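Visitor: Sequence:
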Amino acid sequence: MDPLLDKHGLARFLGVRVSWVEEATAARTLPITWVGRHARYDLRDIDAWLGTTKEYPAELAPVIALATGPRPPAGPVTAPPPAGPATPSKAKAA
Numbered sequence: 001m002d003p004l005l006d007k008h009g010l011a012r013f014l015g016v017r018v019s020w021v022e023e024a025t026a027a028r029t030l031p032i033t034w035v036g037r038h039a040r041y042d043l044r045d046i047d048a049w050l051g052t053t054k055e056y057p058a059e060l061a062p063v064i065a066l067a068t069g070p071r072p073p074a075g076p077v078t079a080p081p082p083a084g085p086a087t088p089s090k091a092k093a094a
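Residue 15 in our numbering sits at position 15 of the sequence shown, and the numbers go up by one each step.
Treat the hints as calculated values from the structure; they're not laboratory data.
Predicted model, so just to flag it, every value in this text is computed and none were measured.
C-beta atoms are modelled at their ideal positions from N, C-alpha and C, and glycine is treated no differently.
Careful, some of the hints might be misleading.
Just the calculated beta-carbon pair ranges, DEER-fashion [claimed, not checked]:
(1) E55 x V35: 28 to 34 Å
(2) E55 x D6: 26 to 32 Å
(3) L14 x V35: 16 to 22 Å
(4) D2 x T52: 17 to 23 Å
(5) T52 x G15: 17 to 23 Å
Based on the provided sequences and hints, a complete structural model is requested.
Guide: The structure is reproduced here in structure tokens:
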């Protein structure tokens with residue numbers, strides 16, 4: 001098993017600030033391995049995650065879509081509102 005990186009090691013590996021790693025960890029954007037209450041990062045998981053975050057020029061999008069299948073929509077995914085109880089029909093006045 002490869003050694004796990006801490007937030008400082010991952011920041012160096014990705015070339016970003018440590019605060020970015022902290023924010024991405026809090027948002028659960030990165031693949032995290034928890035060791036007790038300490039977040040650690042497996043480079044194999046990070047490499048796989050990096051493969052899912054690629055964007056390509058628009059002219060290549062049709063070629064890439066054919067090769068890889070449909071891409072998920074960009075932006076945050078929001079859940080549909082919960083289904084509540086049906087609204088009661090108004091009683092007819094007699």
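Visitor: Can the suggested window of 16 to 22 Å be confirmed for the beta-carbon pair L14 and V35?
Guide: Taking Cβ atoms as reference, L14 and V35 lie about 20 Å apart, which means the hint holds.
Visitor: Determine whether the Cβ-Cβ distance between E55 and D6 falls within the hinted range of 26 to 32 Å.
Guide: Given about 28 Å between the Cβ atoms, the range holds.
Visitor: Return holds or violated for the Cβ distance of T52 and G15 against the range 17 to 23 Å.
Guide: Distance hint for T52, G15 holds at roughly 18 Å.
Visitor: With 17 to 23 Å as the target window, see if D2 and T52 comply at their CB atoms.
Guide: Check passed, 20 Å falls within 17 to 23 Å.
Visitor: Taking the beta carbons of E55 and V35, is their distance inside 28 to 34 Å?
Guide: About 32 Å separates the Cβ atoms of E55 and V35, which means 28 to 34 Å holds.
Figure legend: structure checked against the earlier numbered hints; every hint is met.
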